[in-house]
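Q: Residues per chain, in single letters:
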Amino acid sequence: MVHLTIDGKPIETNEGRTILEAAREYGIHIPTLCYHANLLSIGSCRICLVEVEGYANPMVSCATVALEGMSVTTRSERLASMRRDYLKLILAYHPLDCPVCDAGGECDLQDLVFEHAIEKADYTVAREERIDTYATPLIRYFENRCVLCLRCIRACREVSGRGVLDLVGTGIDARMAPTNAKNCISCGECLSVCPVGALTENLSPVKARLWQVERHFTTCPHCGFGCTFALDVTAGGYVTDVIQDVKNMPNRGSLCVMGRFGYDFVNHEARIHTATSKGAEVTLADAVSVAAERMSALDREGKTLGFVVSPRATNEEIFLLGEIAGRLKNVLFATSGFYHTGRVMTAYQRTGLSYPYDYDRLLDADLIVVAGANLLSNNHLLGDRVRDAYKLRGSRILVVDPGPNALSPIADAHLKVLPGSDGALFDALSATLAKGSTGEVPVAVCETCGIAPPEFERASKLVGRAANIAVIFGSGISASDESLTGLLKFCAASGADKKGLVMPVARAANAVGAASILGSTVAPDELLANPDVSGVFFYEEDPFHYMSADQVTDRLQGKKFVLVADALPSAAMGRADLVVPTGVFTEKEGTFFAGDGALRRLSQVVGCESTGYPGFAFLSALLVSLGGASYGAPHDVTAHLREKGLIRTVNGREEMGARDTGAPVSAPPPGKTPLPRGGYILMVRDVFSNHHLAGSEVYSTGVSTVYRHPGYPVSEDKLFMSPADAAVIGLAEGDVVRVASKNGSLHKPLSIKEGLRPGVLEYIVFRDRTEVLGLIPAPAKWIEVEVAKG
Amino acid sequence: MAGILFSAWQGEVVDNRGKSENDYAAPARLAIPEEFAHETIRAFMGWDGLVLRDATVDVVDMCTRYIEAVQKESCGRCVPCRVGTRIILDVMTRISEGQGSAADLEKIGNLAAYIRDGSKCQIGQTGLNPLLTALTHFRPAFVRAVDEGVKGGGAQYRVSVTAPCMSACPTKLKIPRYIEEIAEEMPSASLATIRQDTCLAGTLGRVCVRPCESNCRRANMDEPISIKYLKRFAADYELDKQKERPVTGPRETVKKVAVLGAGPAGLSVAYYLSQMGYGVTIFERLAEPGGMAAVGIPDYRLPRAILGGEVDLVSDLGVEIRYGTVVGKDVAFSTLTKEFDAIFIGVGAHQSSPMGVEGEDKGYAGFISGVKYLLDVNMGKDPYPQGKKVVVVGGGNVAMDCVRSSFRIGKPDVNLVYRRTKAEMPADPAEIHDAEEEGVKFHYLCNPTRIIAKEGKVVAVECIRMELGEPDKSGRRRPVPVPGSEFMIETDILIPAIGQAIDLSFLDESLGVQVTKWRSVLVDQETFETSRPGVFAAGDCETGPDVLVRACGNGKKAAYRIDQYLRGEERVPSEKERFDDFFAKVKVYQKDEDIGVAGGEVRPQLRMIDPEVRKWTFDEVEEGFRTDEAIKEAMRCLRCWRIGMVAV
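Residue numbers (my numbering), protein chains in the order written: chain A, 1 to 790; chain B, 1 to 648.
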């Protein structure tokens, strides 16, 4: 510990802390402009200057380390006039357009000018005004409002790892500019750190001042990382903006394109507000009666009812669905979360691993393995966490993925293994751990995985040298049982499991909740294929997202009753006997278990009826009408989940309860042996597997805007091939390719992707899945295909 | 200093105005050349203040031009300098045009002080010093300018940027820039910056003697920045993260240049000339590139793969390297003069200097010169497998490399004989420390007198005790033999490593390339051109055995002179090079400067393999900085950019 005084007050702080950090610990206010908690010290504004006794010059408190015995002064006549002068220098060309500026009322510069009682600008300087286009159409750049604090440039590099922005020019002509716009992924990190109104959101058509909105804190509904943020909502229930704050955990105020710009579906005109029975509008009460009647009837006939539950539904909704099922004799549960999280949970149970983990532990790792998770299409913020470990503790990074991912630019090794061969790789790496790095390279393993021996050696050295290995993995691993088993053995061999360093990502917001609250689930395609299942209740699920249209149609053909509950139109509704509105995340109250297994809260941002939002109201009423208990409001259900131990508190953190999920009902996915060289593997990647974005309609203007942006790699569904394969087949960018599987074929213009391993094609699904799903016999991450010139 | 009318430098003010020239007081803290590019320096403005020789120089005008340079150099990374210097420049311009007011002087004075006291780097912190000095000591000139404007003194201004570390660097690496690029998480950009000034980033990042670090202002606060290891970090990052090396590719070439020797000097020349579009062919005596860097530095300090990668960088530019080609044997020098438009001689000092000891010319088995020993070891050979005990003579880095390499080829008993004490040893203290850790036995204050051999094999060396006498020219105390103190050290191998010499036998006198009496190539010190036009030389063959970074720096300069020669231009140093020389004389680093802010952050040390493990292997001993360490260390840099302006 270091002892010093700040403004006469005795301070005790950890070694290595800056004066600013020490002051803040004790609530001593030092004004700042460029300082940002998520970034390394920048030191551009010079506002946080302090004086230290015994030193002639003032120094910036954000970059000066607090030392034993220091006597620091944060307020003096000299400092005040320096700070005032620097602020006046900023104002020398900063427009005083506060009344029309988006940041008006929430601007750090405004606050500082007010704090320092600056009444007029003493300095003026002529500076050429430029209208700059920005790296993404979702953000508007007011160049003349920029105070060059440099936060955005740093954030883009440090947090997002994109390096889109840079400082160009010198002297008064120095400017922030998007010099590498093609690298922009519209994560909005720059926007979130801008202290003034230089970067503003260019999405919401409705703008509102702070006092015209209510600000609600809630959880992002998109992926399983479980970011939190606040939403500004007008009295009319219109969401006008997403508000980010470094205090929002676990994302520390950062978001991805979906979280930041993907909120506008809540106001979408296509929203479903009323229930329909066979196409005719009915009241919610009537819908409850219809559902109760049909379900009881089937139950009485001894038929099985299938529940296909969304991994985006709340724990409370999922619990009620479970209770409803409890009123019936034969039921089966399925969730699309099964395809990854369900399989992971099952494997965990088999190997005795415990699920919840803590993202913060990544800082303990000197090597972070990222396998089968690209951390761009979801769990973007986990990628940021890895980058944080790289920046703050020098962690090395090993990527195992056939193509480039969010971390490949900073990876120390990138093994582009053939899909499905990860098991062999991790077995070999476990052997490295057991024997120590002997320098021997298992040539047969390299052959199986399709990697060059020096690449293996590189990875093996990293693994051999690391004391603490963290493992992040995604559906690229869980899609094959061999891969998952191999990886979990590696986690045990490295001790990652005991150290809490195994981190499976979750693709959907409550995939972990769906798996842990429901207990045993099966794969939705299995459920639908089961001939005993006569009635299906899709709760915010749409099988057209992961199964071919023909298959879904075929399997729903014989079903006697199909109930679809959802917030926006889905393909499944075309096959429904009864459609019930649910609600979007802004309307829901309840909880999720995020990928780390910790509890996240959804608060009702937009007012609803006292009975709760329609989805919850429907489930409650249905349960009661089937003779079940009445649980009251969503928060009553949350309380009940706590009582039942389904939510428990461990070390002050609320997380998923331990639950015996019983024997796995579905067989593990078959081990997939990679293809012999020469064949092709088609990998299917969702840009965002989110429910609200699929089908033929994209419900978020924000997201579709960025994806339609010419600079962005994906504007439609796209087929990618490595440059080497394209050369072998004789294809150029844009040439039409025929891709055929046993199930069907498609024709698609080709895009060439640097960094993708030869032999692997990547199909990115953005808008229309029907084509590619037509090739796939059962939901899968990849299939074998033949490729030819179209 | 003669003829200084006024000087305010390093806090010392000497004002000779109104005195007769004979009574001029001389500033003690100022060292300023008389001339810049053969023109008399009339005035100088820089980071510490201003110097005036000629009363006719218009100080107000010069201040304005200086501030203009500051504003142009202002990087935009902090408010006071970026905006403040522009506002001062605007006011100064107004005053110069006769539009100023008395209040303006007050305003710029206050603002200048705030910029000086609060800017982020030395551009802002020192850029206002000439103005502030002038406002104090030349007030009437400003008052007059407010009334009448400025007419200009008919002077021409020349301006350049430097930094203490950069000024000390023989190859003038833009150190503050590449360090800042590491701090700002742009390691690839950092490497690109380094590569503007050398092709040997990873090599220098490991073995440079780092004059920069002894000229680092951070040392005045706590410890100097680890500049060398940060350079290594930037170079290693490209390899660790498997970044593709920037490829510029070969170009259409018109003229051809032959380079003798693929060592640091030759590679540097080839690197720059090929980028300028010349076809370069390197003739290398050995089967591998790198010259003394490859065969003189053991792998545990500089892995061959690192050097090899840097040679690839040069080869990728289209440079052809003909290995195993000895000029003077496989190809005559005179043939080269006909086939190439210019020739660069960059051969190294690969021969050992004799000890002048009885028996050293007898060819005993077990008697191996230091350079030869290292060459063999670095080629993967044990030069004398029968030998177990080793005695190395000398106290320089080659001697250290010999002893430490000996363990690595399995010699269990390794000794070093040095005629002075540890304190006088010229080797890098870090090297001495590592050798001690690995178990080398040091025999100080003794010197070989006779080699004892049996059946043509070395069996022992006779030494004599020495004591330290009066200091010699180098300032080190001269070792004096103690009569009658002879003693024996038994040994199988005796390695003299007391100095190196250059083999210039390929230079026929008829070729017109003159050689000095120290058997080095004679060149013009400004142009590196030899006595034969079109033939240039740099590196150890010109300086005598010297540090790697000097060979790089001189090679770079020689490349520009060769370009001038090939374009039929006069061979002259660029203005920047002239400024580099000028700044070196003025001295950019001031050892007793009080930085005035708190430090207290020590530099991180590299992790090293355990001595008992490392001494038996050629694996690299030190592990480079991790990302976090590099960023943190780079953030300690004070960014001491400084602007100098001369009026001629």
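Because the hints were derived from the structure by calculation, they are not lab data. Among the hints, erroneous ones may be present.
To be verified - Think about it this way: if two alpha-carbon atoms lie no more than 35 Å apart in a straight line, the pair counts; the simulated DSBU-like pairs of lysine-lysine are:
1) Lys461(A) with Lys241(B)
2) Lys9(A) with Lys632(B)
3) Lys182(A) with Lys243(B)
4) Lys753(A) with Lys243(B)
5) Lys255(B) with Lys329(B)
6) Lys499(A) with Lys632(B)
Q: Now look at each hint and say whether the structure bears it out.
A: For each hint, the structure was consulted:
no.: 1; hint: Lys461(A) with Lys241(B); result: holds (14 Å)
no.: 2; hint: Lys9(A) with Lys632(B); result: holds (29 Å)
no.: 3; hint: Lys182(A) with Lys243(B); result: holds (19 Å)
no.: 4; hint: Lys753(A) with Lys243(B); result: holds (17 Å)
no.: 5; hint: Lys255(B) with Lys329(B); result: holds (25 Å)
no.: 6; hint: Lys499(A) with Lys632(B); result: holds (27 Å)
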